[in-house]
Every structure is written in C-alpha cells, then in structure tokens.
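Q: Now for the letters of each chain:
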Amino acid sequence: MKNQKRTWSSLFLIALLLILGACSGGNDGATGNEKNGDSGKASDQKITIFQSKVEITDQLEALAEEYTAETGVEVEVWGTTGDDYFEQLQIRMNSDQGPSIFSLQNVTEAEKMKSYVADLSAESYAKDIAPGMELKVDDQIVGIPYGVEGFGLVYNKDLVKPEDVADYDSFVSTLEKFKGEGITGLGLSKEAYFLIGHISNYPFSLQSDHYEFIDKLTSGETTMAETKEFQEFGKFMEAIKANTPSPLDVTYDKEVGDFAAGKSAMIHQGNWAYGMLSDFDVDFEVGMLPFPLMGTDKLAVGVGNNWAVNGKKDEAETQAAKDFLNWMFTSETGQKYIVEEFGFVPALTSIEANDLDPLSQDVLNASNSGQTIPWAQNYYPANIVPNDFGPKAEEFFLSKDMTGEEFIESLDDAWKNAVK
Amino acid sequence: MQNKNNKGWYLLFTAPLTIIFLTVVVIPFVIGIYYSFFKWDGIAANPKVFVGFDNFIQLFGDSRFLTSTWKTTLFTILAVISVNIVGLVFALLVTSKLKIANAARTMVFMPYLIGGLILGYIWQFIFLDVFTLIGELTGMDHFFFNWLIDKDFALYALVFVFTWQMAGYIMIIYIAGIQSIPQDVMEAAMIDGASWWQKLKNITFPLLMPAFTISLFLTLSSAFKIYDVNLSLTGGGPANSTEMFAMNIYNEIFGYGNYGYGQAKAIIFFLIVAAITLTQVYITKKREVEL
Amino acid sequence: MKKFYRVLKELLLLITALFFLSPIYIIIVNSFKNRQELYENVLAPPTEFSFQYYIEAMDKMNFLNALANSLYITIISVLIIVVLSSMTAWMLARTDNKLSKIIFMVFIATMLIPFQTLMMPLMQFMSTITNSLHIPMINTREGLIFMHIGFSTSISVFLYHGFVKSIPITLEEAATIDGASKFGVFWRIIFPILKPITVTVMILNVINIWNDYLLPSLTLTDKGLRTIPLSTFYFFGQFTIQWNLAMAGLMLTIIPVVIFYVLAQKHIIKGIGEGAVK
Chain A
6 MKNQKRTWSS LFLIALLLIL GACSGGNDGA TGNEKNGDSG KASDQKITIF
56 QSKVEITDQL EALAEEYTAE TGVEVEVWGT TGDDYFEQLQ IRMNSDQGPS
106 IFSLQNVTEA EKMKSYVADL SAESYAKDIA PGMELKVDDQ IVGIPYGVEG
156 FGLVYNKDLV KPEDVADYDS FVSTLEKFKG EGITGLGLSK EAYFLIGHIS
206 NYPFSLQSDH YEFIDKLTSG ETTMAETKEF QEFGKFMEAI KANTPSPLDV
256 TYDKEVGDFA AGKSAMIHQG NWAYGMLSDF DVDFEVGMLP FPLMGTDKLA
306 VGVGNNWAVN GKKDEAETQA AKDFLNWMFT SETGQKYIVE EFGFVPALTS
356 IEANDLDPLS QDVLNASNSG QTIPWAQNYY PANIVPNDFG PKAEEFFLSK
406 DMTGEEFIES LDDAWKNAVK
Chain U
1248 MQNKNNKGWY LLFTAPLTII FLTVVVIPFV IGIYYSFFKW DGIAANPKVF
1298 VGFDNFIQLF GDSRFLTSTW KTTLFTILAV ISVNIVGLVF ALLVTSKLKI
1348 ANAARTMVFM PYLIGGLILG YIWQFIFLDV FTLIGELTGM DHFFFNWLID
1398 KDFALYALVF VFTWQMAGYI MIIYIAGIQS IPQDVMEAAM IDGASWWQKL
1448 KNITFPLLMP AFTISLFLTL SSAFKIYDVN LSLTGGGPAN STEMFAMNIY
1498 NEIFGYGNYG YGQAKAIIFF LIVAAITLTQ VYITKKREVE L
Chain W
91 MKKFYRVLKE LLLLITALFF LSPIYIIIVN SFKNRQELYE NVLAPPTEFS
141 FQYYIEAMDK MNFLNALANS LYITIISVLI IVVLSSMTAW MLARTDNKLS
191 KIIFMVFIAT MLIPFQTLMM PLMQFMSTIT NSLHIPMINT REGLIFMHIG
241 FSTSISVFLY HGFVKSIPIT LEEAATIDGA SKFGVFWRII FPILKPITVT
291 VMILNVINIW NDYLLPSLTL TDKGLRTIPL STFYFFGQFT IQWNLAMAGL
341 MLTIIPVVIF YVLAQKHIIK GIGEGAVK
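Residue numbers (the numbering used here), protein chains in the order written: chain A, 6 to 425; chain U, 1248 to 1538; chain W, 91 to 368.
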C-alpha cells in the first residue's frame, strides 16, 4: 500500500513537471531565433516592423538586412496575410507584444491607436511630406506615407480616348457602344473596395469641404440622397449596372485579366494594379483617366498606408525605430528601395521618382500639376466599406430593379448603421 | 485509506489536463464574459465604460444578428444531416470487403487534410468556372450556375463545401465505431443467416450509437462555429446573406470595434447552442447500448 | 449476377472517391501555372511541369526551418494530448460522481465557443502569465504547444470518453482484484484497447495542429519560429493571391500530413478486432 502511494505521488510530480516543462522551455525559442538573424555585428538594439502590405515583405526584409549591415541594429520584419493585419496588430498591442514600427491606413485607424503612436513631427524629413498627405492626430504628425496612390479609370488606349469619358453623357454612350460590341465598358470586381469603396469617394471628394460634409452626414444634418453629387453618382452606377456584366462574378484577378485580354475597355482601379497587369501579356498602352462625375477632370490621389512608430515601447526602442525611418527616407539606399523596390510614387518631395510605370506616372503627373481630388475614404467611419457599403452594393448589383436613387438611399442607411 | 488513495489517483489522472484547459480556454472565456458588460472598442489603452446588461438588451433588436442566427441554424441543420449521411455511407462502404476500399478511404479523407482558407478559394473557382461550364454544356443552367451570387444558393454552397470537407473526418469516427463492434457478434449473425440489411439495422446501428453521439456533436459544434470556409468562400455575401454566427461576432468585434457587444453576442449564442447540443448529447447517450 | 453488382459497387465507389478528390486537381495544376495561364483556363493542365514555383515557395517560406518547427510543435503536442486526454477521459468515465460529470460537461460545452471570441482575452491572459510569472508563453514554441493542448482537450477527451464507455468494466475489475494499481490497469489493460480511437485522436489532432494558422499567427512573432502554414503568408495579399506559390505552398504543407495519414491508417485497420478481444 505504501508503495502504491509513492507511485502515484511521484507520478503526479512527473505530470506537473511535464506541464512546467512545456511552458518553461521558452529559451529554446529565443536561441532558434538568433540563429536566424544576422549574427555578424552585435548590437543590443532590436526593432520589429509589422505592416500590412504583404507585397513588399520581401523587399522590406532586404532593406532591413542592409540597415543591419550598416548600423548593427537588428530589424525583424513580421508578417501576416493581407486581410487580418489590423486585428493582429490590435491583439498584439493589447497583450504588450506590439511591434516598434507598424502601419496605419488612415486617420480613423490612427485615432483608434492614438495612445500608441509616437509624434514624428520633429523628424527632419517630416517637412518634406507633400502638402496634405501627412497623417495627423491632434496636430501631431503620427504617420509618414508609404507613397501616394491614385485611382480612376484605367483604360486601354487602343479602345478609349479621353474625350469618350469626359462627362456623364459621353461616359454612358461609351458604355453603350461597348455593350453593343460585346466588350465590357467598365470592369469592377466583387471585393468591397473595388466594387464600391474606391468609386464611392468621388461624390464625397467633390464637396467643397469633405471633412465638414462627412461630419454633417454623421450628425444627420444632411443626407447623400439630397446632395447633387450623389444623385449623379447614383445615375453613374445605374448606367454601369445596365451596361456591363455583373461584377459579383468577377474577382480582382479576373478584372485585370479581362482588361489585359482586351475583353474590358476600362477598369476602375488604382496604379497598384500595374503590378498584376505586368503578370499578363499586354499588347496595348494603358493610362489612367479621371472618373467624370460632375465632369471632373481630376484624379483621386491619396495615401493608402502610413508608417507609424510605437510610442509605448521603451525610449531606446522608440528612438531606434525613428532612426530606421529616418534612414529609410533620407539615405540613398532607403530612397532607392522606396521607389524602385517597393514601387511607390514617393509622397516626400525630397525623393525623386524616375522610371515609373505608366499608371504611376499618370498619378504623379496629376499630383504635380495639382489636378487631384482627395481620398475622402480616409475619413470614413472605420471599416464602413467592407461592413456596410459592400453588402449594399452587392444588393444593388443583384437586384434588377433597384435604381441608382434607391442605391444612394441605401448608402445613407449604411452610413447610419456604421456611425450608430 | 482506499478512498483517499482513489482521490489521489483521480487527481493524478485528471488534474494536469484540467489545469491546462482552465488556463487556455476557461479563463479567457470568463474574461470575455467580463468584457461583455462594457462598452469598449477593443484597444487596451482606450476607455471601458460599464453598461451593465445594455449589450445583452441591444442584441434582441439587432436584425443583422437575428438573421445571422437564423441562417446559422439553417446551415447547421442542413450540414449535420448531409455530413452524417455521407460520412456514414462512406464508412460502411470502406469497411466492406471491396478491393478499392482502402484507396477510397484515403481519397475521401483527403479534403479534411487541406485546412484553412485556401479551400474556399478553390471552390470559388469551381462554382464560377466549372458550374457555369456544366450549365452551358447540359443546358441545366437554372441549377448549374455560380451559386455564390445567389442569396439562397450561396448557403447551399456552404453546406456543399462543408460536407465535402467534413465527411471524411466523420467517416473516420464511424469507422472507429464500426471496428469496435465485436467480430463474433457479426459472425454469429452471419451463421444465423441474417441479411445485410438485418445486420445493419439490428447490430451495426445500435452498436454505433456512441459513434452517432460523437459524430452528431462534432458536426453540430463545427457547423455552428464555421468561419474559415465562410470567410473564403462567400465572405458572408452576397449582401450578408451567408454571414454565419462566428463571422458576425468577428465583424462586430474587429470590424465595428464593438468589443463588449461582440462578446455579449458570443455568450448568448453559446448559452443557446450549449443548451441544444447538451440535450442532444444527453438524449443520444441514453440510447447507447451498454455492453 | 452477384459478381456484376460487386464490380458495379467497386466502380461506383471509385467514381465517388475520385469526385471527392477532384478539387485537389485544381490545386495541383495551378501550382505549375503563371497568372496568365490561370486566367485563361483554371482547369487546363499546365503547359510545362517545371517545379520553379515549388522551389521559389520553399525558398520564401524558409521551408526546412518551418518544417522543423511544425514537426516539433505537432509531435510534442499530440503526444501529450494522447497521454493526458486518454487518462483523463478514462478516469472521468469510470468515476461516477458529480465532479466528473461537471468536468466532462465543461469540456464538451466549450467546444461550442468560436475561437474568434477567445483569442483576444487569451492573448491578454498569456501575456499576464508571461509578465507576472516569467513563464514565456508568448513567442515560444512551448507556449504554443501548451495552448494547442488546451484547445485539443475537449475533442480528445470527448472521443476517448465515448470509447471507454464501450469497454466492458469487468476487465478492469479483474485486474484491480489482482492488485494492479490504477496506473498499471490503465497503461497495461485499457490503453492498448483504446488503440483504434487513439489513432483517430492522433490523426485529427495532427491535422488540426499542423494546419492551424490563427493561433500560431497570434503567438509566434519571431521569424525563426514560424510554422509551415504561417510561412505561407507571403503569398496572400489583401486583394490577391499569388496562386502558383500559394498552391505550391499548400502542397508542401499537406504532403507531410498525407504521408502521416497513410501510415497511420494501416493501424486503424490493424486495430480491427484487437480492441474487444484483448
């Protein structure tokens, strides 16, 4: 009996050890990690970068290596898939596992992460940010743009001339003409941002002060349905629905593929689409034209992503993070990476851009000549595009009878739901 | 002494796992319950405002949540039926003496090996390209079309893909059940000249009751929780018509940034589902044959 | 006539099984195509079978390192799960008291909680443990193993519990009278009988843990710790996927599990009869 008692008590001990062993073996993990890093130059400082643009991860890792080689500061680039970045960031910040440098899309996100963002106003390169492109919270610059991006009508120069889509009437007759020829006049795709998100900017951006307008919309002082830009936007959407195949069947890949194959004359996209377009054999010239709502001849240009520094880290790490950004924006290597490797249209006047792809060149030209309207979407309620606008737009494209006017009314409802 | 000893054994056998389980699942769940009484956007540094039961009251007027609950229930019923039928039929087939049985078992199980999001993307190709192609070829285009852009059919598409993925998994459970049926019982039945159907009805099915319990519960719980396939196949669309429960919570928590409200939803749903499924387990367990 | 039916049955089973497998065809052919080819026809076989995307995917994923991480995490987790959950389930099933019922019910009930609602409090709690007790739960493989065990508990105990119920209790009683300890009874008599369900539990947990993306993505941040599914993030952009690399990465992810499954399923077959007879 005594013997038996000893057996179980010792076994209980073993079991406990097993559990503890499972938790405390953590040191292994750290060594496994060091093996991977650059062990050449030793430095105590290490910074981490977590950002949402998966497409530049490789290049960013290469840039980080160059930085380590130059300064000895270890830079680690974390990664996650493109669609769950913000959730991951939020959870990591909440559990004190946040990165030193992270990315924010817009002012709505920045407000939310207000307690984490460091003030970057004093950085030497901050004065070089193109006017109106900086990310500000409470008059402090908290985000430095990745680059500027623009969207509009990406068109096939063999099929479309700028005067074909100069205003509502010419736009509609062009769509009708293509419909007759069996070509998609304007291609959209089913992802919420490409279906409605970007295109919904125009009626907002054309307001004399879109910030004020959005505030009024939120407070209920005005509605989209009673605003003339939106009324015309509704007509545009109706014409697109009437004259093109349903975009709900089309993915971003297919949208660009159809355009490359000459099956669509135009697609509503941004200069980023050139990256995918270059995966296809394209035998015609492409360019970007403004979406002619109210006859406007300006491209929508704005910032899609910003670098931010985590101010909640210890001082040394925050400083190291700022140093890295400083190096990236001011050193020759860093600037070269931004333009050539990341493929961004620089948002800093101090960075020169050469050899841009044709779509980015159109964006840069518009930007340099001031022919731009802002991205109102950066001031939308958080996630309204996937949460509320997307489903309403799907409803609109699914239903044969829903008019543009009704669609705008449903967007009003969507807005109310997003801000309640 | 004997009693004390038994308690020690009891502790030794159950405590380690229970402790791990408490730390990883139960405590976080309790923390979640705590948050459900607050209005909070989910950022640790931002203010949490205590609102009592407001979040729970708000639930009953939330039509998107109620629709999602209804759709999830519908999906679950359809999915449980179809997964179990397909899984059981395959289990019976691949435990028979057919030559191809072993290969078939592996093939049917294969979809379950491919986890996660990418499955949904592959099925998007099938619904978009293959279904429309079959529709054009056979002329049955009222049935073979892109199911994902129809509000009703998108739900069936989810059931379809879910069944495709889960049937192999459930098949394994049934196989384990079938294999635990003592051979001598079967042989005795054979000697008595029982037909295939008689054996099935009088021996296999009753002895499979534990496997039924397990399979029903497993399909029920994974259907209620469906997220990955939902996200990658339909994304909740078109027009929110297939926004299942887990996705609704996820969107509430991370999309709208209503952390406390999202947790309140989770808790209410958990209570309802737990009541239903535990009743189910209780009922089927009762019917199990004790050997 | 009987023979005809037999052949028909064989054929039918083969066709259904092939139908089940058909979506995998899409994965395979498209892991060899570029975007243009994929756009032109998703179903067409590739024009050339070059393994360039596999090589590129392996390179980007740092495949061998990821494989080592995945193997370590999966094997250790599953071994501990099998040992602990079989013991727990047996004890709960054989001890007929309130406490057992409550524990078992809690295990089952929590299977209904979507992970999405747990993940934030979980990470906060783990971070508290890390900071206050100095046990590194976050960003270590061992911490991840701990969490995997926790999340696999319910289903594993549930599966074992159901199976234990079907084992005649007389076997254990005889052994206990012979003076064997509970520990001896369990490992020498019960555990061998549990073999078919052990194989099932192992297969299901291996698959779940091997393929899991969400939990590792939250707990592991260091590059050197990434598991295989975690390393495929490079191919998934916000709006588009690099299909060829993603499909190649997927093939690389599932090949080890397929091998494991094929090996393990032999033991399911061997398990026939063995259970009850012993």
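FYI, nobody ran anything at the bench for these hints, they're computed from the structure.
Don't take each hint at face value.
Here's a subset of chain U near chain W, in silico, CB distances under 10 Å, partners left out [stated by the list, open to error]:
1. Thr1261
2. Val1277
3. Thr1320
4. Ile1324
5. Ile1328
6. Val1341
7. Ala1350
8. Phe1378
9. Gly1382
10. Met1387
11. Phe1391
12. Ala1435
13. Asp1475
14. Phe1501
15. Phe1517
These numbers were taken from a predicted model, which means no experiment stands behind them.
Ideal Cβ placement from N, Cα and C applies to all residues, glycine included.
Q: Now tell me if each hint is right for this structure.
A: Structure-based check of all given hints:
1. Below 10 Å, beta-carbon pairs count as interface contacts, and Thr1261/U has one with chain W at about 5 Å; its hint therefore holds.
2. A least Cβ separation of about 8 Å between Val1277/U and chain W falls short of the 10 Å threshold, and the interface hint therefore holds.
3. Interface restraint check for Thr1320/U: the shortest CB-CB distance to chain W comes to about 13 Å, outside 10 Å, so the restraint is violated.
4. Look at Ile1324/U: its Cβ only gets to about 16 Å from chain W, farther than 10 Å, so that hint breaks.
5. Of the supplied interface hints, the one on Ile1328/U is violated, with its beta-carbon coming no nearer than about 18 Å to a beta-carbon of chain W, more than 10 Å.
6. Taken as an interface hint, Val1341/U checks out: its beta carbon lies about 8 Å from the nearest beta carbon of chain W, inside 10 Å.
7. Nearest Cβ of chain W to the Cβ of Ala1350/U: about 7 Å, under the 10 Å cut. The hint holds.
8. Checking Phe1378/U against chain W by beta carbon gives a least distance of about 12 Å; that is not within 10 Å, so the hint is violated.
9. Among the interface hints, the one on Gly1382/U is violated; its C-beta lies about 15 Å from the nearest C-beta in chain W, farther than the 10 Å criterion.
10. Residue-level restraint check for Met1387/U is violated (minimum Cβ-Cβ distance to chain W is 17 Å; threshold 10 Å).
11. The criterion of a C-beta within 10 Å of any C-beta in chain W is not met by Phe1391/U, whose closest approach is roughly 15 Å, and the hint is violated.
12. A cut of 10 Å between beta carbons decides the hint on Ala1435/U: the least distance to chain W is about 14 Å, and the hint is violated.
13. Interface hint status for Asp1475/U: upheld, as the beta-carbon distance to the closest one in chain W is roughly 9 Å, under 10 Å.
14. The beta carbon of Phe1501/U comes within 8 Å of a beta carbon in chain W, closer than 10 Å, and the hint placing it at the interface holds.
15. Here the hint on Phe1517/U is kept, as its CB sits about 6 Å from the closest CB of chain W, short of 10 Å.
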